[in-house]
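J.: Chains as they are written, first to last, in the working numbering: chain A, 1 to 147; chain B, 1 to 147; chain C, 1 to 147.
By construction, these hints were calculated from the structure, which means they are not laboratory data. All C-beta atoms in this analysis are idealised placements derived from N, C-alpha and C, irrespective of residue type, glycine included. One or more hints might be untrue.
To give a feel for the contact side, a few chain B residues facing chain A, derived at Cβ under 10 Å [to be verified]: (1) I3; (2) L9; (3) D12; (4) R15; (5) K41; (6) L76; (7) E77; (8) I85; (9) I111; (10) I133; (11) V137; (12) L144.
Cross-link-like lysine to any residue pairs, in silico, SDA-like; alpha carbons within 25 Å at most [claimed, not checked]: (13) B/K27 / C/P94; (14) B/K41 / A/N47; (15) C/K43 / A/A120; (16) C/K41 / C/D10; (17) B/K27 / C/I105; (18) C/K41 / C/V56; (19) A/K43 / A/I23; (20) A/K27 / B/G131.
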Amino acid sequence: MSILETISLDNDVFRAYAFWTAITIFKMLFMSVLTGRTRLKNKIFINHEDTVGRNVEIVVNDEDVERIRRAHRNDLENCFPFMIIGFLFVLTNPSSFIGVNCMRIGAISRIIHTVAFLNALQPWRFIGFLGCILVTVYMGIQVLMFF
Amino acid sequence: MSILETISLDNDVFRAYAFWTAITIFKMLFMSVLTGRTRLKNKIFINHEDTVGRNVEIVVNDEDVERIRRAHRNDLENCFPFMIIGFLFVLTNPSSFIGVNCMRIGAISRIIHTVAFLNALQPWRFIGFLGCILVTVYMGIQVLMFF
Amino acid sequence: MSILETISLDNDVFRAYAFWTAITIFKMLFMSVLTGRTRLKNKIFINHEDTVGRNVEIVVNDEDVERIRRAHRNDLENCFPFMIIGFLFVLTNPSSFIGVNCMRIGAISRIIHTVAFLNALQPWRFIGFLGCILVTVYMGIQVLMFF
């Protein structure tokens, strides 16, 4: 391995890593926007300063808001590990085919997970969850064996 | 791009990235300390092993503790994406002016967010939240276009 | 510093970083599996789509599940900062002895934290928590001074 070759525009795996990491980050930020929009729409506020001038009560639990927040928390638990291990995996210099598809499968799995979670669709939620976990475990094993 | 030039002490943008990432991490760790201190002060314990010898009941919801935890969770949702995309953004070799100010604005926005959240100050909480999101989105678009 | 020397198989500190980061990620993913297994065993489901065909009610709070989730959230708050600062710390080119032991102590502290949390063991939970925080703070100060 030379980092000059792995962290380079000439390396398909690194380019796929950067691209799908950015897409996954955008997907995660969208959860924040969605939570905010749903709070405004359903008038669900948990901080007293947000109720000023709105003539509403504090509401701690709203199923719509909580579902988005559970999906978002699941992102925190799974997307960051995928991205951190993904970067180290790039440095192990995997084949282009395996490396690029790991990034694709991991990121697309998380998109499937989000869509399925927000729409209460099983087994798709589980499939999306599992897809990213399996890719992360595979990449993690490669990292452990390489370093 | 050559990583020899971007990830280097000679690159102002990378130095700003490392500096503000460390500051933001310290800010996040401070939330843990603050949660612990507030739990001790208000005698709010959620784990039974922490109540041993203290003659207190388990309390699940305390507004002081929960507010700090909400601010902390918002950090998890926004600071890590800022740092991960920030690193990839450094590799796109932006101009010194734009790169350094992205790091500054993103990190200082999160400090504003925390101070405003803990003191229930709107619209400052929203301004701090938005500042970091906008920088992250800008950097994310640059990463998508570059790789 | 040259990144060719720090991010290299020849650098013990980077190899320790990659190894212990992967171990810590596996430890974190295990929390997801444990949550799922405990939900199935105790029949605790929070999403209505998971109760289909199981003839059970929605249960929001179950102490077994919530304890695992609190340990997992503590991971999110502490392991990612450790990994992100750890990477920047590798770039400061610390001595092999200090660098390798920072990675070991930080990661092993988190394993101690998890085992202690799941078994309600104090002061071990606190020792594990503190161990990783102290290493992260130490590495963060080195990063601030270097860049």
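J.: Indicate, hint by hint, whether the structure satisfies it.
T.: We went through each hint and held it up to the structure:
1. I3: B/I3 check passes; min Cβ-Cβ to chain A is 5 Å, inside 10 Å.
2. L9: At about 16 Å, which exceeds the 10 Å cut-off, the nearest Cβ of chain A leaves the hint on B/L9 violated.
3. D12: violated (20 Å)
4. R15: violated (18 Å)
5. K41: Check failed: Cβ of B/K41 comes no nearer than 21 Å to chain A, outside 10 Å.
6. L76: holds (5 Å)
7. E77: holds (6 Å)
8. I85: holds (5 Å)
9. I111: violated (18 Å)
10. I133: holds (6 Å)
11. V137: For B/V137, the interface hint holds, since the closest Cβ of chain A sits about 7 Å away, which is under 10 Å.
12. L144: Cβ of B/L144 sits 5 Å from chain A, so the hint holds.
13. B/K27 / C/P94: holds (24 Å)
14. B/K41 / A/N47: Status holds; Cα separation ~22 Å.
15. C/K43 / A/A120: Holds: C/K43 and A/A120 sit about 18 Å apart, inside 25 Å.
16. C/K41 / C/D10: violated (47 Å)
17. B/K27 / C/I105: holds (22 Å)
18. C/K41 / C/V56: holds (12 Å)
19. A/K43 / A/I23: Violated, because 30 Å separates the two Cα atoms, which is more than 25 Å.
20. A/K27 / B/G131: holds (18 Å)
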